[in-house]
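Asks: Sequence:
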Amino acid sequence: PLDRAIANISLYDWLIFTSVNGVNCFFKRFCTLNHDIRDLAGIRICAIGLQTAKALQSMMLKVDYVPAEYQAEEIIKGLKDKITPGTRVLLPRADIARNVLPEGLAGLGLIVDEVIAYRTVTGQGNSQLIKQMLEEGEIDLITFTSSSTVQNFLSMLKTSDPVSLLANTRVACIGPITARTAMEMGLTVDIQAKEYTIKGLLEAIVKYYSQYH
Numbered sequence: 001p002l003d004r005a006i007a008n009i010s011l012y013d014w015l016i017f018t019s020v021n022g023v024n025c026f027f028k029r030f031c032t033l034n035h036d037i038r039d040l041a042g043i044r045i046c047a048i049g050l051q052t053a054k055a056l057q058s059m060m061l062k063v064d065y066v067p068a069e070y071q072a073e074e075i076i077k078g079l080k081d082k083i084t085p086g087t088r089v090l091l092p093r094a095d096i097a098r099n100v101l102p103e104g105l106a107g108l109g110l111i112v113d114e115v116i117a118y119r120t121v122t123g124q125g126n127s128q129l130i131k132q133m134l135e136e137g138e139i140d141l142i143t144f145t146s147s148s149t150v151q152n153f154l155s156m157l158k159t160s161d162p163v164s165l166l167a168n169t170r171v172a173c174i175g176p177i178t179a180r181t182a183m184e185m186g187l188t189v190d191i192q193a194k195e196y197t198i199k200g201l202l203e204a205i206v207k208y209y210s211q212y213h
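Residue 91 in this note's numbering sits at position 91 of the sequence shown, and the numbers go up by one each step.
No wet-lab data here; the hints were simulated from the structure. Treat the hints with caution; some may be incorrect.
As the list claims (entries may be wrong) - With a cut-off of at most 27 Å between alpha-carbon atoms, the simulated DSSO-like pairs for lysine-lysine come out as follows:
(1) Lys54 <-> Lys80
(2) Lys194 <-> Lys158
(3) Lys207 <-> Lys77
(4) Lys54 <-> Lys194
(5) Lys207 <-> Lys194
(6) Lys158 <-> Lys54
To be verified - Per label pair, the in silico range of CB-to-CB distance:
(7) Ile139 <-> Asn21: 39 to 47 Å
(8) Met60 <-> Met133: 43 to 51 Å
(9) Arg88 <-> Ile139: 20 to 28 Å
(10) Gln51 <-> Glu73: 16 to 24 Å
(11) Tyr212 <-> Ala167: 40 to 48 Å
(12) Gly86 <-> Lys62: 35 to 43 Å
Think of the CB as a built atom: it goes at the ideal place given N, C-alpha and C, for glycine as much as any other residue.
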């Protein structure tokens, strides 16, 4: 599907990227198939997040729209007055991304082609050591940067009682969607970034711990 979408790139009116990974993986394949940015002439580009926009701009691409808040719901709101029904949209993203964005765009009357640009897989780290460190209270803080990191982390630990396991550990989430996932899985979220970026997450962590010093 990705190769077919790239081959028919001239058919699209908008390209929407939701992450830096999406940008990198899409354009790696784009170039492998002997395309270059001239083939994107006339196509408008939307990016979720400043880092995603910067990744595109580093390729000398103009980003036409960056939503004020870095989540799918804001893209749908922002594009409502910018795109007319019947507009063709290409959405390259991760295999486990939420359905909110494509469904919301389709609800606006847009023709949305959602293609997998990359896959998210669970890391093969030393889960037993991490579990032991958590049980012994040796980990003070865990950061989550997406819903999938929450799900994959708890899956890796294979615990039926995450609340007890993380009793002595603070949890920091990059934004409300990630925080909601963490809470739905039984975790207490102590820190949540106001700006949904790594920088925003770091600032929230520093602010949280500065209360105690």
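Asks: Is the Cα-Cα distance between Lys207 and Lys77 27 Å or less?
Replies: 31 Å, violated
Asks: Within a Cα-Cα threshold of 27 Å, do Lys194 and Lys158 meet the stated pairing?
Replies: This hinted pair is violated, its Cα atoms lying about 31 Å apart.
Asks: Could you see if the CB distance from Tyr212 to Ala167 stays within 40 to 48 Å?
Replies: 18 Å, violated
Asks: So the hint says 16 to 24 Å: do the beta-carbon atoms of Gln51 and Glu73 match that?
Replies: Since Gln51 and Glu73 have Cβ atoms about 19 Å apart, the given range 16 to 24 Å holds.
Asks: Do the beta carbons of Arg88 and Ile139 sit within 20 to 28 Å of each other?
Replies: 47 Å, violated
Asks: Take the C-alpha atoms of Lys54 and Lys80, compute the straight-line distance between them, and say whether it is at most 27 Å.
Replies: Between Lys54 and Lys80 the Cα gap is close to 24 Å, so the pair holds against 27 Å.
Asks: Taking 27 Å as the top limit, are the C-alpha atoms of Lys158 and Lys54 close enough?
Replies: The hint is violated at about 37 Å.
Asks: Is the hinted pair Lys207 and Lys194 satisfied, with a Cα-Cα distance of at most 27 Å?
Replies: Distance ~11 Å between Lys207 and Lys194 Cα, so the pair holds.
Asks: Starting from Lys54, check that the Cα of Lys194 is at most 27 Å away, please.
Replies: 20 Å, holds
Asks: Could you say whether the range 35 to 43 Å given as a hint is met by the Cβ separation of Gly86 and Lys62?
Replies: Violated - the Cβ-Cβ distance for Gly86 and Lys62, about 23 Å, lies outside 35 to 43 Å.
Asks: Note whether the CB distance of Met60 and Met133 lies within 43 to 51 Å or breaks it.
Replies: Distance hint for Met60, Met133 holds at roughly 45 Å.
Asks: Check the following: the C-beta atoms of Ile139 and Asn21 are separated by a distance inside 39 to 47 Å.
Replies: 26 Å, violated
Violated hints, in rising order: 2, 3, 6, 7, 9, 11 and 12; the structure is consistent with all others.
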